[in-house]
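Peer 1: Protein sequence lines correspond, in order, to chains G and B. Numbering follows our numbering, in which position 179 of the first sequence is assigned residue number 172; successive positions increment by one, without gaps. Each position in the second sequence, counted from 1, maps to that position plus 9 in our numbering.
The set of hints was computed from the structure by calculation and includes no laboratory data. Note that CB positions come from ideal geometry on N, CA and C, so glycine has one too. Just to be clear, a hint being listed does not mean it is correct.
[Said to hold, decoys possible] To be clear about the criterion: a stretch of chain B counts as covered by chain G if any three or more of its residues have a C-beta under 8 Å from a C-beta of chain G, and this derived list gives those stretches:
#1 44 to 52
#2 108 to 115
#3 179 to 190
#4 256 to 270
[What the hints assert, rightly or not] With a straight-line Cα cutoff of 20 Å, these simulated SDA-like cross-link-like pairs (lysine to any residue) come out:
#5 B:120 <-> B:206
#6 G:296 <-> G:139
#7 G:405 <-> G:472
#8 G:566 <-> G:581
#9 B:142 <-> G:646
#10 B:120 <-> B:144
#11 B:142 <-> G:647
#12 B:120 <-> G:218
#13 G:566 <-> G:504
#14 B:34 <-> B:82
#15 B:120 <-> G:630
#16 G:374 <-> G:139
#17 B:144 <-> G:647
#18 B:142 <-> G:581
Chain residues, written in single-letter form:
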Amino acid sequence: MDNRKSSQRRRFEVRPVTLRSDRIAAVAFRVGGSAILLMVFGILVFIVVQVFPLFQGAKVKPLHERSVESAGYVLLGVDEWTEFPFLMTRDGDFHFFNLNDASPPHVLRPEALGKASPTAWAYHQDREMAGLALETGECLIQQVAYQPEFDEHGQREGVRVALESVASINSGAEGVIHALDFDQTERQGLLATIESSTGGIRLRVTSYQRKVGLLSAGDWQQADSRDLTLQLSGRPTHVLVGGHADTMLVADDSGVVDVFLRRTGGLELIQSFRPFPDEKIASMDWLAGRRSVVFGSPQGQLKLFSPALEEASGQVAYDLARELQSLPGSPTLFAASVRNRVFLVGSGDSVSLRYGTTGAQLWRDTLPFEPRFGLIGSRYKNLLFLSEDNRLRSFALDDPHPEASFTGFFGKVRYEGQSEDRYIWQSTGGGDDFEPKLSLIPLITGTLKGTLYAMLFAVPVALTAALYSAQFLTARVRRVVKPAMEIMASLPSVVLGFLAALWLAPLIESHIPSVLLGLVFIPLSAVMAGLVWHRLPPRLRDILPQGCEFLPMIPLVVTVFALGWWLGPFAEKLFFTVSDPATGQSVADFRLWWQESLGMQFEQRNALVVGFMMGFAVIPIIFTLSEDAMANVPQSLVSGSLALGAGRWETARRIVLPMALPGIFSALMIGLGRAVGETMIVVMATGNTPLTDFNLFSGMRTLAANIAVELPEAPFQGTLYRTLFLGAMLLFIMTFAVNTLAEITRERIRQRYQSTP
Amino acid sequence: MPTPVSVLAPQASDKSEARPIIEVKGDYSFWYGENQVLFDLNMAIMPRQVTALIGPSGCGKSTLIRCLNRMNDLVQETHHSGDILLHGKSIYDPAQEVISLRRRIGMVFQKSNPFPKSVYENVAYGLRVSGEKRKGVLDEAVESSLRRAALWDEVRDRLHTSALSLSGGQQQRLCIARAIANEPEVILMDEPCSALDPVATGKIEELIHYLKRDYTIVVVTHNMQQAARVSDRTAFLYLGRLVEYRETEQIFMNPEDPKTEAYVSGRFG
Ligand SMILES: Nc1ncnc2c1ncn2[C@@H]1O[C@H](COP(=O)(O)OP(=O)(O)O)[C@@H](O)[C@H]1O
Ligand SMILES: [Mg+2]
Chain G
-6 MDNRKSSQRR
4 RFEVRPVTLR
14 SDRIAAVAFR
24 VGGSAILLMV
34 FGILVFIVVQ
44 VFPLFQGAKV
54 KPLHERSVES
64 AGYVLLGVDE
74 WTEFPFLMTR
84 DGDFHFFNLN
94 DASPPHVLRP
104 EALGKASPTA
114 WAYHQDREMA
124 GLALETGECL
134 IQQVAYQPEF
144 DEHGQREGVR
154 VALESVASIN
164 SGAEGVIHAL
174 DFDQTERQGL
184 LATIESSTGG
194 IRLRVTSYQR
204 KVGLLSAGDW
214 QQADSRDLTL
224 QLSGRPTHVL
234 VGGHADTMLV
244 ADDSGVVDVF
254 LRRTGGLELI
264 QSFRPFPDEK
274 IASMDWLAGR
284 RSVVFGSPQG
294 QLKLFSPALE
304 EASGQVAYDL
314 ARELQSLPGS
324 PTLFAASVRN
334 RVFLVGSGDS
344 VSLRYGTTGA
354 QLWRDTLPFE
364 PRFGLIGSRY
374 KNLLFLSEDN
384 RLRSFALDDP
394 HPEASFTGFF
404 GKVRYEGQSE
414 DRYIWQSTGG
424 GDDFEPKLSL
434 IPLITGTLKG
444 TLYAMLFAVP
454 VALTAALYSA
464 QFLTARVRRV
474 VKPAMEIMAS
484 LPSVVLGFLA
494 ALWLAPLIES
504 HIPSVLLGLV
514 FIPLSAVMAG
524 LVWHRLPPRL
534 RDILPQGCEF
544 LPMIPLVVTV
554 FALGWWLGPF
564 AEKLFFTVSD
574 PATGQSVADF
584 RLWWQESLGM
594 QFEQRNALVV
604 GFMMGFAVIP
614 IIFTLSEDAM
624 ANVPQSLVSG
634 SLALGAGRWE
644 TARRIVLPMA
654 LPGIFSALMI
664 GLGRAVGETM
674 IVVMATGNTP
684 LTDFNLFSGM
694 RTLAANIAVE
704 LPEAPFQGTL
714 YRTLFLGAML
724 LFIMTFAVNT
734 LAEITRERIR
744 QRYQSTP
Chain B
10 MPTPVSVLAP
20 QASDKSEARP
30 IIEVKGDYSF
40 WYGENQVLFD
50 LNMAIMPRQV
60 TALIGPSGCG
70 KSTLIRCLNR
80 MNDLVQETHH
90 SGDILLHGKS
100 IYDPAQEVIS
110 LRRRIGMVFQ
120 KSNPFPKSVY
130 ENVAYGLRVS
140 GEKRKGVLDE
150 AVESSLRRAA
160 LWDEVRDRLH
170 TSALSLSGGQ
180 QQRLCIARAI
190 ANEPEVILMD
200 EPCSALDPVA
210 TGKIEELIHY
220 LKRDYTIVVV
230 THNMQQAARV
240 SDRTAFLYLG
250 RLVEYRETEQ
260 IFMNPEDPKT
270 EAYVSGRFG
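One chain only, chain G, in its complex shape (with noise of 0.2 Å):
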C-alpha cells in the first residue's frame, strides 16, 4: 500500500538528474553570458584608457630652484637635459648653474670677445648657439657645446661645458648694434642686424658661406653685407631671420611687417602686411622650424601667421593661421619649444603654454614670482625661468601628447605651409621639424565612403535576390543556393582583397565606360524582361513551371553584359573624348576625362573596385539572414493572401516584405557593421590615401586600415598610438550605435508587424 503510494508519488517527479543538469546548464549559460559581456566591457575600457591621455591638459610642477648672484643677466640658456642652465652676463660672460645644488656658477667667456661687451644678443635653443654683437659691428656665433660625460657603467655623470666659435661676421654696422638675428644651414647663413648710428636706424644683412667638403668643412666665409633701410616703411624695431637662412623677416615701429626672401639676386622684399591694424608689434618670434611666427601686441593680442604657397601668384606669402587667446597685458615672455609647436608664452606673472598650429591652451597659470625669462626644456619635460628676484626655477613638464586635442582630431586645422584650413592625416614624414597631422575626419570620410559604396551595391542585389529566393524560386534551386551563399560568405577576405587588388583593378580601370554601361544595362534589362514577362499571354508564360523564371534570365544578362562590354569603347569614343595635354591630341580615355573635364582625381585602386569587392564580402551576410526573415513569414499568411487574389509579387509587397522588415533590417545593419570594420579588402584594394571626398575613382583610408596600416610602426603610447586607438573607438562606437539603432528600430518594427504568438 505504502509502496505505491511513494512509486505513485514519484511518478510526479522530475528526476533529480534532469534537475541538476537544468541547474548546471542555468549556471553555465550565465557564467559564459556574463564572461562575454565583460570580454566587450574590459576591450572598451582597455581602448578608453589608451585614449584618455590624449586629452588631459599639460601638468606642471616644480622641480628645483636655486638663486642666482644678480649681475644683470640678459640671456637664458640650457641643456638638453634642463640641468645645468647658463644665463649670460651683460659683461659677456656665461654662468653656468647646477640647479641640483647652490654651489657657484662655472663662469666661461668667449675667447674672440676679449674685453669688449656685447651690445646685442641672440640664443637659439635648437642649436645652442648663441650670436654676440660688439661695438665694432663685429658679431660672433658662439657654440655653446654641453658634452654629456659618462662613467663606467654608462650612466650620464655630468655634463662639460664649453664655448666654441663658430663664425666671426663682419656685419658692417656704422653704429652700435641693438638687435641681431640669424640662421645658418650646412652651406649658408644669413645675419641680420639692427643698428643705431647717427644715420638713424639702419638694418643691414649680411650673408655668410662655406664650402663643405666630404669630410669636413671648410670656415665661414662672408659674402656681401648690404643695407635694407631704405626698402623699409618704418623704423626697424624687431628682426628675425629663418626657413633655412633664406628668409627675413622684419617688424618696424609703424606696425608693418616686412618679408624678404632671398633670391639669387639677394634678399628681395616680397610682402608687407600688419598683424595688427590698430597696434604696433610689441613681440615677434619664431616657432619651432623657424617658419611661423607669433606676434604679440601691446595690448597682449596674439597671431600666429604662417608662409604658404598662394595659388594665384605661385608666390610664398605669410598670412594669419590663427588667432591666439589674448594675454592680460603685452607680452613679456615668449620661448618656443623646440621639438614641437609648442610654445610659453607670458605678461607678467600670467604665463600659459599654447600649441600654434591649434591655438589650444595646454597650461596656464599665475606664477608667483615675476618671471625674466623664461624657455621650454629642450626634451620638452620641463619649464625654466629666472625670475625678477634672481632665482633660477625649474618645473617637471608632464604632456605627453600636446599635439593632440579635439580641434586637430575633428577640427579643420590650417598647418604650417598650407593656405587653408583643412582635415588632414599625415601621421609621419621626414625632417625634424614635421609636425604630425592627425585629423581623424578624413578617416571617418573614408570609412563612410567604401561602406556607402559598397551597401549601394551590395543592398539592391541582396536584397532582391532574398525575395526571390525566398518568394519566388523553386525549392529545389533554392536548396542549392542558399548554402552557396552561406560559403560565399566565409571567404576569407584577404582573398577578395587580393582579386580586387591584382585583378580587378586593372580590368576595370581600362574598360570603365563597359563597366559603367553594364551597371546600368543590367538592371535595365531585368526591369524590361519583367515588363515583358508581364505582358506576355499566360499560354507563353505556362510553359516555364512557377520558380524557374530565372532560367531565361541567365543568357539575356549574359548577353546584355556583353553587349555593354562591347560597347564600352564607343561610348567611350562618344563621350569621353578629350585632349591629353601631354601630346596635345584628342583621346577616347575615360580616366583622362574624368581628370580633365571633372578636374577630380582617378586611382586604379578606388572606391568602385572596394565598393564591388566589400560588396561581394557583404552581399552573402544580408542575402541569407534577410532571405531567412522572409521565409520565416507564416506560409499560412503567404497562403491567405494568394487565396485572396493577389499576386506573389503583391503577396510578396503587402505582407512578407513588411513582416520580415526587422529581420531584413538586422541583416542590413550587420552587413553594414561588417562593411564599416571591414580591413583587408580595404587595405589591399584602394591606396589608402587618408581623402575627404566621396569620388567614386578615388581610393580612401578607412579607420579599421588605418589602424591595421600604422599600429604596426606607432612607437608604443605615442600620440599616434593612442590616436590609433581613438580611431579603434570610434569604430567601437559607430559599431555600438548602429547597432543599438538597429535593435531599438527592429523593436518598435516588430511590435507593429507582431503577429500571434
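Got chain G sorted already, so can you dock chain B with the ligands onto it with the hints?
Peer 2: Just chain B with the ligands now, kept in the frame of chain G:
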C-alpha cells in the same frame, strides 16, 4: 474496391433546375509527387447551397477543396488528371488567370490567419491588391463585408486596431469578411471551426446559414453534427474516393454505402 459514384442530381428542389456552378469531372485525380491523393472524382456543386465534405482525417478533403481554387499550385510537383469547371469553363485553362479564379472562389482556412494589420486593412486587402484606392469604396466594402460576416457591431469601434487583438472566433469571422469583400461566387471553408469553442462555432454556423443566400459554400468539416446542421448536400470522401454524395438528410438518415453509414454513426473517423 469502391467504385466511383456518379453525380446524383438533387431531386426534390426548385434549385434542381439550376446548373452546377462547379463541376469536378473526367475522373479527377490528384497527385503530390508520386503519391496519389484523390481518385477518380466526379461531382457537381450547386449554386447557393452549402456543400459539406466529410471523411476521416487524411482522406483528401483539404486537398480537394484546395484544388477548387488552385491553391495546390503552390505545392511543388503536383499533377492531376481530369478537370474542374467553373461555370462550365476549365479552371486549368491557360487563359484563366489564377488571380481572378481566386477572387471568384474565396477561401477560409482551418486556422484563422488574419494579417498583422488593422481590422480595416484586413478586410480591404483583397480590394487593395486589385488596385482599388478610393477611400469611399473601401469604407463601404469594409462595412458591408463586416456586417455580412456579423462582425460589424463587435469591431466598429476598433477598425484601426490590430486584427490580432480579436478573439479566435472573431478572427475567423474576420477572415470570412475578408473573403466576402472580394464578392466571390464561391467560398471554400476548410474546417473553419476546428479551433473554436462551441459559442464561436455556433456563430460561424449561423453565419454560414445566412451567407448561403448569396454565396455558394463548400465547407470541410470533421464534425458530423455540423455537417448535418449547416449543409444542403454532403459528400463523403474515403481514402481519396468519393463514396457517397447526396442530400445531407439522406446521407445521415439512410446512407447507401455501408462505409458511409459506419462513418456517420461514428464507428470510425
Ligand atoms: N503539401 C502536401 N504535400 C504532400 N502530401 C500532402 C500535402 N498535403 C497533404 N498531403 C497528403 O495528402 C493526403 C490528404 O491530405 P489532406 O487533403 O490534408 O486530408 P484531410 O484534409 O482530409 O485530412 C494525406 O495523406 C497527406 O499526407
Ligand atoms: Mg484537412
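Peer 1: For the pair we were handed, residue 120 (chain B) and residue 144 (chain B), check the Cα-Cα distance against 20 Å.
Peer 2: Violated, at roughly 30 Å.
Peer 1: Can the restraint linking residue 566 (chain G) and residue 504 (chain G) be considered satisfied, given a maximum Cα separation of 20 Å?
Peer 2: holds, 12 Å
Peer 1: Would you check the hint for residue 142 (chain B) and residue 581 (chain G), treating anything up to 20 Å between C-alpha atoms as holding?
Peer 2: Violated, at roughly 52 Å.
Peer 1: Does the alpha-carbon distance linking residue 566 (chain G) and residue 581 (chain G) stay inside the 20 Å limit?
Peer 2: holds, 5 Å
Peer 1: Mind checking the alpha carbons of residue 120 (chain B) and residue 630 (chain G) for me, to see if they're no more than 20 Å apart?
Peer 2: holds, 11 Å
Peer 1: Does residue 139 (chain G) lie within 20 Å of residue 374 (chain G) when you go C-alpha to C-alpha?
Peer 2: Given that 20 Å is the threshold and the Cα spacing comes to 18 Å, the pair holds.
Peer 1: Hint check: residue 144 (chain B) vs residue 647 (chain G), CA-CA at most 20 Å. Holds or violated?
Peer 2: With Cα atoms ~18 Å apart, residue 144 (chain B) and residue 647 (chain G) stay inside 20 Å; holds.
Peer 1: Starting from residue 120 (chain B), check that the Cα of residue 218 (chain G) is at most 20 Å away, please.
Peer 2: violated, 106 Å
Peer 1: Three residues minimum, CB to CB under 8 Å: does the region 179 to 190 of chain B make the cut for coverage by chain G? Let me know.
Peer 2: Per the Cβ count (3), the hint holds.
Peer 1: Taking 20 Å as the top limit, are the C-alpha atoms of residue 34 (chain B) and residue 82 (chain B) close enough?
Peer 2: holds, 19 Å
Peer 1: Please verify the coverage claim for the region 44 to 52 of chain B: does it have three or more residues whose C-beta sits within 8 Å of some C-beta in chain G?
Peer 2: Since 0 is below three, the answer is violated.
Peer 1: Is the straight-line distance between the alpha-carbon of residue 142 (chain B) and that of residue 647 (chain G) 20 Å or less?
Peer 2: holds, 15 Å
In this structure, the hints that do not hold are numbers 1, 4, 6, 7, 10, 12, 18, in rising order.
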